[in-house]
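For the protein sequence lines, the chains are A and B, in the order given.
Note that our numbering numbers the first sequence so that position 576 is 576, with each residue one more than the last.
Note that our numbering numbers the second sequence so that position 224 is 224, with each residue one more than the last.
Treat the hints loosely; a few may be bogus.
[What the hints assert, rightly or not] In silico DSSO-like pairs for lysine-lysine, Cα to Cα no more than 27 angstroms straight-line:
#: 1; chain 1: A; residue 1: Lys-510; chain 2: B; residue 2: Lys-3
#: 2; chain 1: A; residue 1: Lys-599; chain 2: A; residue 2: Lys-527
#: 3; chain 1: A; residue 1: Lys-527; chain 2: A; residue 2: Lys-510
#: 4; chain 1: B; residue 1: Lys-42; chain 2: A; residue 2: Lys-510
#: 5; chain 1: A; residue 1: Lys-642; chain 2: A; residue 2: Lys-599
[Said to hold, decoys possible] Pairwise CB distance ranges (calculated):
#: 6; chain 1: B; residue 1: Gly-21; chain 2: A; residue 2: Trp-465; range: 47 to 57 angstroms
#: 7; chain 1: B; residue 1: Pro-17; chain 2: A; residue 2: Thr-479; range: 45 to 55 angstroms
#: 8; chain 1: A; residue 1: Glu-580; chain 2: B; residue 2: Thr-25; range: 20 to 30 angstroms
#: 9; chain 1: A; residue 1: Arg-506; chain 2: B; residue 2: Thr-25; range: 51 to 61 angstroms
#: 10; chain 1: A; residue 1: Glu-312; chain 2: B; residue 2: Gln-98; range: 52 to 62 angstroms
#: 11; chain 1: A; residue 1: Gly-596; chain 2: B; residue 2: Gln-93; range: 19 to 29 angstroms
#: 12; chain 1: A; residue 1: Asp-602; chain 2: B; residue 2: Gln-93; range: 53 to 63 angstroms
Since the hints were derived computationally from the structure, they do not count as laboratory data.
Please read these numbers as outputs of a predicted model, since none were measured by experiment.
Beta carbons are placed, not taken as given, at the ideal position from N, Cα and C, and that holds for glycine.
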Amino acid sequence: MTLTLDSHIPDGPLEDKWDNYKFDLKLVAPNNRRKFEVIVVGTGLAGAAAAATLGEMGYNVKVFTYHDSPRRAHSIAAQGGINSAKNYRNDGDSVFRLFYDTIKGGDYRSREANVYRLAQVSLNIIDQCAAQGVPFAREYGGLLDNRSFGGAQVARTFYARGQTGQQLLLGAYQALARQIHLGTVTLHNRTEMLDVVVKDGRAVGITTRDLLTGELEAHSGHAVMLCTGGYGNVYYLSTNAMACNATAIWRAHRKGAAFANPCYTQIHPTCIPPADETQSKLTLMSESLRNDGRIWVPTGHEDERRAVDIPEDERDYYLERKYPSFGNLVPRDVASRNAKTVVDEGRGVGPLHNGVFLDFADAIQRHGRDTIEERYGNLFDMYERITGENPYQTPMRIYPATHYTMGGLWVDYNLQTSIPGLFALGECNFSDHGANRLGASALMQGLSDGYFVGPSTVAGYLANWLGTDAVPTDDKAFTESLDQTGGRVDQLMSVNGTSSVDHYHRELGKIVWDYCGMSRNAAGLQKALTEIPALREQFWADVRVPGRADGVNQSLENALRVADFMELAELKVRDALHREESCGGHFREESQTEEGEAKRDDENFSYVAAWEWGGEDIQRDAVLNKEPLEFERVELTQRSYK
Amino acid sequence: MSKVLELTLEVWRQDGPGTKGAFETYTVEIPDDASFLEMLDKVNENLFQAGQEPITFDHDCREGICGSCGVMIDGQAHGPQKGTATCQLHMRQFSDGQTIRVEPWRAAGFPIIKDLMVNRAAFDRIVESGGYITVTTGAAPDANEIPVPKDAADSAMDAAACIGCGACVAACPNSAANLFTAAKMQHLNQLPQGQAERWRRSESMVETMEEFFGSCTNHGECQEACPKEITIDFIAMMNRDYLRSKLVNRRRLGERKIG
């Protein structure tokens, strides 16, 4: 172990930690802020919010996105809503309850202090967004509406039709646009970060590629904030956007940032199953559908009949059967795993037998078609556009798909990684969701980190460097990074083999999905650990990237991303193999109760696994560091949904 | 069950902004449950196998919300299905043996970058000129201290549904960006929170729009092409606000001079 993982959790009672800490943090005076350059990578909720806020405070900010516009980041696709402990419903919600639900939902694998702060800040987020003009749903009296979401027993979710993510991102993007107009923030669009530059052990800048000209550029700053999202596309098929990738965090990992809990992945139960081999991504159908739909499969195997032709006594409503009290509303991980079980048994539905039915016939009979249309009309329309089937007449087909990654760069209470000066905000860090994320909490975390936490804590770091200039980009640290990055580009362009980048990405996805997906066991993970390095070797020997490097080249962009996914996949599987317990989204078949439910092992695994880069042979060289998790305020219990 | 379509495509290929482009013809076989972009993926896979360079096109979420994608399909922005972005358009909307012409957005305000990819940065410039409410992080009052009548909130949401794809400009015979600008502006102008900056915003956004795009002559093609079916009523509201902003802002200018 060479790293010292100090989480910098402040002393004092849980309720006072953040306030006390903010008082103790060093400040940068308003007239000094313009002397600091801060680099923000990514313009989703965390990145746009952080860049806008730092600009407002008076820092010189450079913000980077590979999209044509900051507004296109994948936060935009979130449907359901955002949690906040406002207790506007008077139904017993509180900061402590949101904190408690999040810790428990994460299966006791997150830090108390970080999660409590998240619940506290959730109050400010809604205020901020409402003032920006985010068009949240409202009551006739003009006040904000709420709904209950993802099995929560209080109504604490704020929403904007089915596009809460887009509306929150537009709020942050517009705040960012104002700063760009005022000149405090410089926007570098269609620019992808390919390396972190580290000098004397701290982050001093980044290396980027201009996606229009292909030019590699060095950018220097006093601090670097990564807000680059999750790594769900390691599975190839996921609900992530096509360009979502892990290159920024993986390159940071290679430069010394610890990577925490890479095996924690959330598989969302209600997605549309793939139709054929050409499928490029999966589409999520909102979880709210499970409020009225009944999930079932035929009792017989390889049943080719249409749903309407299968009589009632040949249907298995397996969630209602196994979990009589929660029924179809069991948490995401339980619903997902059970769907996999019945499909693996050969009882899947649809032309490829790769889904389960989500049936609204009873709900339509009970409430009438109009009510169902009012509740889910837009989702039913979307389903019909994609599948060509009408869910009012025939049940939907759904199957789980990768949706969110709880793991990410290890960060302390400041959201600083193990490289000083390098911060990680939003989905790309590991900090708040433990082993499983609750619905409507991703947007909350992105904005908490971006608007409120990151901009406060980065000042504590910057204050140490007052009076120093950012490291000039002709420094050796920058030129070396440029050379290495250029070398990587040249190497990919020169392989000139036979197969496409997509081919390799698809193959990688299959391995990771089969052996490190919804359910994992030692033999499968071992197998993946032999297949992944072999595939990686083949990739570097056989991939062909058409076109040139000195202009727009989407194949090259993708090749650079897939190359990093190959390495990350190996660490992810390595982590899954070492964690011989089941927790949240990580289900080890060896560790289950007699009823087949996930069984945690708090005695041996109540820690954060923070992996340190050790060398190219990842399974041999990666170094495991453990940050023990200590719980002062919550009692650890085994989840049960029977 | 899906069936396989055999299609002929005429796709605009152009190497860069300064070079001359041309239509190239390709054939492709594709299951009809694939999306339009998955069909283009297949064409690209074929081009790759033949040792040629794939077609460049913008795309990302493939769920119809990020606004990255969008091409002219047989002269229609986002193709034949109403209220549907290109990524959500599926091949069952086409028939076996059909010839489909695929072009980039055609508008002076959206210069071509490569093949089907265009530069829509002008949209960002319009938003930067005033498409926001000034509220510094931390300065907001409690969210329920600003009641918003439900009708205003719903109508603001209708406008805010814009995904910034640019189909409205591409569909317009004048390459006007009035529907986009109106949607961005009226989202904010209808809300109580947006009143303080309403007249400054209205004047500034319209005038920035006019630096890049043509003028609106009420063809209404934009609302037909809009994947979010945003109504041109918002353009009427924008015109009213712009006219009034000229009077209000001038009066304010005078007040400043005198006072």
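Against the structure, the hints:
no.	hint	verdict
1	Lys-510/A - Lys-3/B	holds (25 angstroms)
2	Lys-599/A - Lys-527/A	holds (23 angstroms)
3	Lys-527/A - Lys-510/A	holds (13 angstroms)
4	Lys-42/B - Lys-510/A	holds (20 angstroms)
5	Lys-642/A - Lys-599/A	holds (14 angstroms)
6	Gly-21/B - Trp-465/A: 47 to 57 angstroms	holds (50 angstroms)
7	Pro-17/B - Thr-479/A: 45 to 55 angstroms	violated (31 angstroms)
8	Glu-580/A - Thr-25/B: 20 to 30 angstroms	violated (58 angstroms)
9	Arg-506/A - Thr-25/B: 51 to 61 angstroms	violated (28 angstroms)
10	Glu-312/A - Gln-98/B: 52 to 62 angstroms	violated (43 angstroms)
11	Gly-596/A - Gln-93/B: 19 to 29 angstroms	violated (44 angstroms)
12	Asp-602/A - Gln-93/B: 53 to 63 angstroms	holds (54 angstroms)
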